[in-house]
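Chain by chain, the residues:
Protein chains: 2
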Amino acid sequence: MTLDDNDALPPRDFWSLRNLMVSRKDTLPKRLAQVAIYAVANPDDVAFGTAASIAEKAEVQPSTLVRFAQAFGYQGFSDLQAVFQDRLRDRTSNYSERLSSLRSHVAGDSKSATLFSGFCKAAERSVGSLRERVQVEQIDEAAALLAKAETIYLIGQRRSFPVTSYMSYAFGKLGVKSILVGSAQGNDPETLSFATPRDAAIAISFTPYASATLTYARQINEAGTPLVVITDSPFSPLIPKLGVWFEVVEADFEGFRSLSASMALAMTLTVAVAEARRGA
Amino acid sequence: MTLDDNDALPPRDFWSLRNLMVSRKDTLPKRLAQVAIYAVANPDDVAFGTAASIAEKAEVQPSTLVRFAQAFGYQGFSDLQAVFQDRLRDRTSNYSERLSSLRSHVAGDSKSATLFSGFCKAAERSVGSLRERVQVEQIDEAAALLAKAETIYLIGQRRSFPVTSYMSYAFGKLGVKSILVGSAQGNDPETLSFATPRDAAIAISFTPYASATLTYARQINEAGTPLVVITDSPFSPLIPKLGVWFEVVEADFEGFRSLSASMALAMTLTVAVAEARRGA
DNA sequence: TCGATGTCGGAATATTCATTCCATAGAGGC
DNA sequence: GCCTCTATGGAATGAATATTCCGACATCGA
Chain E
17 MTLDDNDALP PRDFWSLRNL MVSRKDTLPK RLAQVAIYAV ANPDDVAFGT AASIAEKAEV
77 QPSTLVRFAQ AFGYQGFSDL QAVFQDRLRD RTSNYSERLS SLRSHVAGDS KSATLFSGFC
137 KAAERSVGSL RERVQVEQID EAAALLAKAE TIYLIGQRRS FPVTSYMSYA FGKLGVKSIL
197 VGSAQGNDPE TLSFATPRDA AIAISFTPYA SATLTYARQI NEAGTPLVVI TDSPFSPLIP
257 KLGVWFEVVE ADFEGFRSLS ASMALAMTLT VAVAEARRGA
Chain P
17 MTLDDNDALP PRDFWSLRNL MVSRKDTLPK RLAQVAIYAV ANPDDVAFGT AASIAEKAEV
77 QPSTLVRFAQ AFGYQGFSDL QAVFQDRLRD RTSNYSERLS SLRSHVAGDS KSATLFSGFC
137 KAAERSVGSL RERVQVEQID EAAALLAKAE TIYLIGQRRS FPVTSYMSYA FGKLGVKSIL
197 VGSAQGNDPE TLSFATPRDA AIAISFTPYA SATLTYARQI NEAGTPLVVI TDSPFSPLIP
257 KLGVWFEVVE ADFEGFRSLS ASMALAMTLT VAVAEARRGA
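Read top to bottom, the protein sequences are chains E and P.
Heads up, the first sequence is in the working numbering, so the first residue is 17 and it goes up one at a time.
Heads up, the second sequence is in the working numbering, so the first residue is 17 and it goes up one at a time.
Any given hint could be a false lead.
Repeated chains share a single entry, so a pair holds when one copy, or any two copies, can fit it.
Here are the computed lysine to any residue pairs in the SDA-like style, where the Cα-Cα straight-line distance is at most 20 Å [claimed, not checked]:
id : residue 1 : residue 2
1  : K189      : V82
2  : K73       : R47
3  : K137      : R147
4  : K189      : D268
To be clear, the hints were calculated from the coordinates, so they are not data collected in a lab.
Full structure from sequences and hints, please.
Below, the structure is given as structure tokens:
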């Protein structure tokens, strides 16, 4: 045997591979076609199973799976399986969305198109996961807590600063007294030293947690000021002793995390506080 | 050894296990707690990885993973891993769960639930409309324009300030020189007077346009500095003579407009500029 | 009918994997 | 300060896995 009839590099994303399997199915030997049919119909099993278990379900020999992978240019079965696994992984899930959105735009595969589509998708998935995770009771609790406060302190730095600065703007428009901490001025510790248990604070921080945010949040919380926290893990050092916390996981693209979920939650809280005040 | 301290049957679904890991974390030995944190943060890696690969990423020994699984009552690591895999397996069951949980959200029909759902939907619709409107060529053009600039000035106020402040942060991380205009300091006109035609600026503003943003943008543009504009109408007074503009229409809920689309576009531009610079 | 080419099944193999075991380090009680 | 029990790292082990290899069979053309 010289080489495979397929010298081209194998597809690295699931949908390209799927299309390739469909189109080449009729020219494939009997058993390999059998594998193609099974793989298209049961991608999840291919992702999780072992060569032996998949072979049994597809009614072929394990060696056939290896041949199948090699016929498509992969190094071996494991190499092919990785593509099926990536499909289910969070980071790259739902290639169909990416592909269709790419196709809907005229220019094909430019770097910009990928970036744009990637960030849009990250935003959409972040909001989707927010919907699943957040309980309405948490919002009610946080809104009630904040509505009682005389002053609301907003603590957020770096990536979280856009969120707190938006809240600061919105609270201002709604006539809710709030103080934004973490801007350029260096007198934040002093500002926070005025907080009392009759006030409240909102702290927002994600991995890697900005040390100043941590310090401020702890300090203020131990002084008895209740805290509403938005963070990305139940193990976050920001979890308050007194107050409510939200777990928000933002999808990322190329290492840049979305802000859409945090923003949507921030807007909800802001307006909910204003509503609660009006009702009281 | 008689038996594990945990005689109860181990959880068979992911979310029960996750809750258990969260609640038991503080009573767990150091390395096991380390595993719990990693597993909660990276459930996908646990689902697909091998004991060795996961152990490396979590910075523990493979044997620790086995001990961890046994501490929770599982027979071994593979037994525990199956729970993580089931989470990703047939997503049809996941979808039905999500739907029912959604219904319970809506069923409450409390004010908070309506707010929350409204802002999530606004975010999703905004991103959707962004996808349709923006042309990849515009992004390329804007990125090229910004990549050539010595300094990038960021102009945005009120509702747009969170967007420019995010760009300022991201540009900083990417090593792109930028100056944020519109913060608390009052010397913005001076700052902008240093801009030359070899620089560039990004201006963001929506109806009703903040007058300062308009003034700054016009001034700088007439002095020959090219401008990238994000605004909400082709008739916006911000449309530059020299430069590129994007039309971004944010959906609103109860008068509060989303920021998700602007944010996604801002992230795209930021990274595109950095990529363009790296390529040059 | 006879090779030639390509396909397949199944055993053999080498690798990778989860698990177990043991020595050591550390924490806590007396 | 000594002893005990737990926690941990790391090597050893045996099982399971992907892959390779070879013989057998089928298909096709001459």
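Consistency of the hints with the structure:
In this homomeric assembly, K189 and V82 never come within 20 Å of each other (Cα to Cα): the closest approach is 39 Å inside a single copy and 44 Å across copies. For the identical chains of this complex, K73 and R47 are intra-copy neighbours only, at 13 Å inside a copy versus 38 Å across copies, given an alpha-carbon limit of 20 Å. Taking identical chains as interchangeable, the C-alpha atoms of K137 and R147 lie at most 20 Å apart whether they share a chain (15 Å) or sit on different chains (10 Å). Proximity of K189 and D268 under a CA criterion of 20 Å is satisfied inter-copy only: 16 Å between copies versus 31 Å inside one chain copy.
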